[in-house]
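Line by line, the protein sequences are chains X and W.
Going by my numbering, the letters in the first sequence line up with residues 1 to 280, in that order.
Going by my numbering, the letters in the second sequence line up with residues 1001 to 1269, in that order.
Check before you lean on any hint, since a few could be wrong.
[Unchecked claim] Not the full set, but computed from the structure, chain W residues with beta-carbon under 10 Å of chain X:
id, residue
1, R1045
2, T1071
3, L1128
[What the hints assert, rightly or not] In silico lysine-lysine, DSBU-like type, Cα no more than 30 Å apart, as pairs:
id, chain 1, residue 1, chain 2, residue 2
4, X, K104, W, K1221
5, W, K1019, X, K163
6, X, K249, W, K1263
7, X, K104, W, K1019
8, X, K82, W, K1263
9, X, K163, W, K1263
10, X, K217, W, K1019
11, W, K1105, X, K217
12, W, K1105, W, K1263
13, W, K1221, X, K82
14, W, K1263, X, K140
15, X, K140, X, K36
16, W, K1019, X, K13
17, W, K1019, X, K134
18, X, K249, X, K82
19, X, K82, X, K13
20, W, K1105, W, K1019
21, X, K13, X, K134
22, X, K140, W, K1105
[Unchecked claim] Cβ-Cβ distance ranges computed for the label pairs, FRET-style:
id, chain 1, residue 1, chain 2, residue 2, range
23, W, R1013, X, R161, 22 to 30 Å
24, W, F1205, X, A63, 20 to 28 Å
25, W, L1135, X, R161, 50 to 58 Å
26, X, N60, W, A1029, 40 to 48 Å
27, X, K134, W, F1205, 53 to 61 Å
28, X, N60, W, A1201, 31 to 39 Å
The hints are simulated quantities; they were obtained by calculation from the structure and are not laboratory data.
Beta carbons: idealized from backbone N, C-alpha and C, even for Gly.
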Amino acid sequence: MKDTKGLNAIEVKGLSKRFGRVVAIDGVDLVVPAGKVVGFLGPNGAGKSTTMNVLLGFLNADAGEAWLNGQRVTADGCEVRKGVGFLANGMALDDGLTAEQELKYFAQLNDADGEDDGGAQSLEYAQELALRFKLELRQKVGTLSTGNHQKLALIIALMHRPKTLILDEPTNGLDPLVQVEFNKVIAELKAGGATVFISSHILSEVNELCDEFVFIKAGRIVARRTRAELKNSGGKTITVSKPEFATVKRLLDKHGIKFSVGSGSELSDEFMQYYEEGGR
Amino acid sequence: MRTRHGLRLTILRKTLFEKRWMLVGWFVAMCVANVLLIQLFPPLRDAFSGMMTDLPESLSGWFGDGAIWNTIEGYVGLEIMGQMAAVIAIFGIVFGIGIFAGEEKTGVMLTQLARPVSRTRYLVEKWLALAAGMLVVMVGFWLGAYLGTVILGEVIGLGALVAPCLAVLLLGLAFGSLAFGIGAVFGRSSLAGAVVGAYAAAGYFIVALRGSAGVLEGISKLSPFYWYNNPAVLENGLRLGNALVLLGFVIVPPVVGWLVFRKRDLRTR
């Protein structure tokens, strides 16, 4: 099989991974076209983080293959990660360094080819992001609050302006103001041609950011919807106030009209369809 | 590791920077401990030299015989190069686990390997950091041994201490590399600590007491302690054959660790 693929930022075929008896992902096929922002949605334990860890080469797939920016992912390969920014859920950093020292270190690691003068451009952008996210860089990592730790982790993932961003729960612990700023940064990166693959439990957040949504359940991809498809998939929406609810339901049932209760958000309604007990 | 700007060893430098206070602490501790222990030579000589003359051979390996307690070389060889060397081995184990399996346990390794860093580069630079850290602590050990004899007025030359200190370095690195290698294979710091700690403790006692039972003689060769100070390294110098065996203990575990680590699943918590 060829080792490079063209236009897709992320491509996986038949990816499976077990941990002992537990099947974490089972035959996952996924394509994320370059330049798109794609949300990766599913409940806890659905296989989102495992998929991402296989994509980064941290875990070996039991079956299937993965490509990032056209390069095949392998455990010891580092070329593939040059154009990738990754944020793990609860990303760990050295507590003994200051935020500034961490950024300098990662700027140097990012400059694998020595093309960035020891990471000078990465560091410059990191400092700009720190200002925008209101992160104090002189503080030691071990003393940062959860939110500030997450800001630092985000900056490390973004600082080299990667072609492809893989973000696992990126806004955990961020205050609403920083979330707004984060959304702006993602929009800027997208405008610059970057691809973003983002998992989150905060549906309103992905709803705002993403062009497409991939739903995973029990290790299998169960649906993929574009924003336009979501708009059209909900059928006719009517708003019924609570006192009238039972009456309306009875009338619709009488005429055999399918009836479902929604939250007013197409994404939330779609999510609940897949993940409610007995969902499709 | 290497760019068009040359060898940067970013991971090695960062590891040493992060562990700087630990290394400074061990440097000072080893230096001061050796200075103080050497000051105990005159009263211990007076107390033990007579007592030890009739010690059975099986116990003289542990306590030293009478002749050893009569000279500063004998005392330094037994107390400093014998027993304090075991402390260096403990440092090697702690450091070897901390900088590799410890980072995998906390997740810090994963954050670094998400960057364009190959697992091979990561492992090599981490092992070089282990070796460099050991070297720093050994300089403190060496200085302490020298200063102790100077303060006491019974000087053993700096040069005469080089070979035994090199042997101690190899001993510490052997245990450090084993802990490092087991961490690289299994990704479990507690497992590496338990296995290497038990192996080191058992080896130390078996080598010290091997004269008391024939069966221990053969088993003792499985421990770096046997090859390190057999015969007494301060008096006889470091034998090439022994040094090569110790070097084998130093090299093999990280190589085995690398062969497994470059392909295995990482701990993703």
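For the pair supplied as a hint, W/K1105 and W/K1019, confirm whether the alpha-carbon distance does not exceed 30 Å. holds, 17 Å
Run the distance test for X/K163 versus W/K1263: straight-line Cα separation, threshold 30 Å. Status holds; Cα separation ~26 Å.
Given the hint that W/K1019 pairs with X/K13, does the C-alpha gap stay at or below 30 Å? violated, 43 Å
Are W/K1105 and W/K1263 close enough, with their CA atoms no more than 30 Å apart? holds, 18 Å
Can the restraint linking X/K217 and W/K1019 be considered satisfied, given a maximum Cα separation of 30 Å? violated, 43 Å
Please work out if W/K1019 and X/K134 have their alpha carbons no farther apart than 30 Å. holds, 29 Å
Has the hinted range 40 to 48 Å been met by the Cβ atoms of X/N60 and W/A1029? Check passed, 42 Å falls within 40 to 48 Å.
Range hint compliance [Cβ, W/F1205 to X/A63, 20 to 28 Å]: violated, 49 Å
Confirm or reject the claim that W/R1013 and X/R161 have a C-beta distance inside 22 to 30 Å. holds, 25 Å
Is the distance from the Cβ of X/K134 to the Cβ of W/F1205 consistent with 53 to 61 Å? holds, 58 Å
Restraint check for X/K82 with X/K13, where alpha carbons must lie at most 30 Å apart: holds, 22 Å
Pair hint X/K104 and W/K1221, alpha-carbon separation not exceeding 30 Å: Violated, because 47 Å separates the two Cα atoms, which is more than 30 Å.
The structure shown violates the earlier hints numbered 1, 2, 3, 4, 5, 6, 10, 13, 14, 15, 16, 18, 21, 24 and 25.
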